[in-house]
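Asker: Sequence:
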Amino acid sequence: MSSMSKFKKLAGISAFAFAAMTMANSVNAANWRYAHEEYEGDVQDVFAYKFKEYIEDNSDHTLQVYRFGELGESDDIMEQTQAGILNFVNQSPGFTGSLIPEAQIFFIPYLMPTDMDTVIEFFRTSKAINEDFPELYAEKGLELLKMYPEGEMVVTVDEPVTQPEDFNNKKIRVMTNPLLSETYSAFGATPTPLPWGEVYGALQTNMIQGQENPIFWIESGGLYEVSPNLVFTKHGWFTTAMMANQDFYNGLSDADKKLVQDAADFAFEEIIVHIDGLADEALAKIQKASDEVTVTRLNDEQIEAFKARAPQVEEKFIEMTGDSGKELLDQFKADLEAVQNN
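For reference, each letter of the sequence shown is one residue, going -29 to -1, 1 to 313 in mature numbering (1 follows the signal peptide of the UniProt record, and there is no 0).
If you are wondering where the hints come from, they were derived from the structure by calculation, not from laboratory data.
Because the structure is a prediction, the values reported are computed rather than measured.
A few of these clues could be false.
What the hints assert, rightly or not - Now the in silico label distances, taken between C-beta atoms and shown as ranges:
| hint | residue 1 | residue 2 | range |
| --- | --- | --- | --- |
| 1 | THR163 | ASN312 | 34 to 42 Å |
| 2 | LYS142 | HIS245 | 14 to 22 Å |
| 3 | THR33 | PRO164 | 34 to 42 Å |
Each residue gets a CB set at the ideal place from its N, CA and C atoms; glycine is no exception.
The whole structure should be built from the sequences, with the hints applied where relevant.
Answerer: This is the structure in structure tokens:
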């Protein structure tokens, strides 16, 4: 056989092998489905699209992202994930708390530090975050892939607040989370739980109707012009979690499991850059849009008055979660102390 004939034969075999490999990859490629509970451009949306970017840049898989409302409320997308209809879901512990009571730990006021570098290091190194929580989620058929912060919690109000007594007889809209309601009750307000999708509409309705009782709103990762006063109480960071249906995840090849884990790590690194300064940017936009907006940042003495009410929320958390919650809280505090003393 001539050299040219051998070359043509090898080329044909290579072409066939390449075509077969491409066909196999096409057969194995999947369109995965991922839903979150926020809107376009919000922190969870940015995280989801960074996750999608990594998956699609490093595999033949594709990822369809669904934003809030496209597949229902937060409870709906969690149920769809547990049922295997969705592969991935991003849901904050505020909503997951009804499924995993221990997840409400993030709403114990003044438990988390307020310094961003410390917060990020805590999420990177915490045993509670990276070992204990995955076990709790696994009990509910979920593979916890990443927990991450979205931003400092802020209260919007119709008048400046500098002490707990200023909250007396005032209503506050909160997500449907028992411990979050307990927090604002401890602060003196009257919390009204609402599904996330109804919060903004309720605020607009009451503002338009000029009801006597003012309504406030906490917001994660951004600020909205719904009341003329923004109050920074430094009582916590809004946290969220991204997870997969566990049966789906366990059925992946080792290569795809690594792909998913690497994509979650990539999205985490991207999101901590994204949230740095995000609240300040949003605040600047609000102040630019309105001369009537005021900002109240409580000083240390004022914060102490609110912090003094935190132990009753911690006690309620332990009451809700029992021994497992107490053990998690102890580990949480130990992890935080290790980071702060590092």
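Asker: Against the earlier hints, flag every one the structure doesn't satisfy and list their numbers going up.
Answerer: Result: hint 2 breaks, nothing else.
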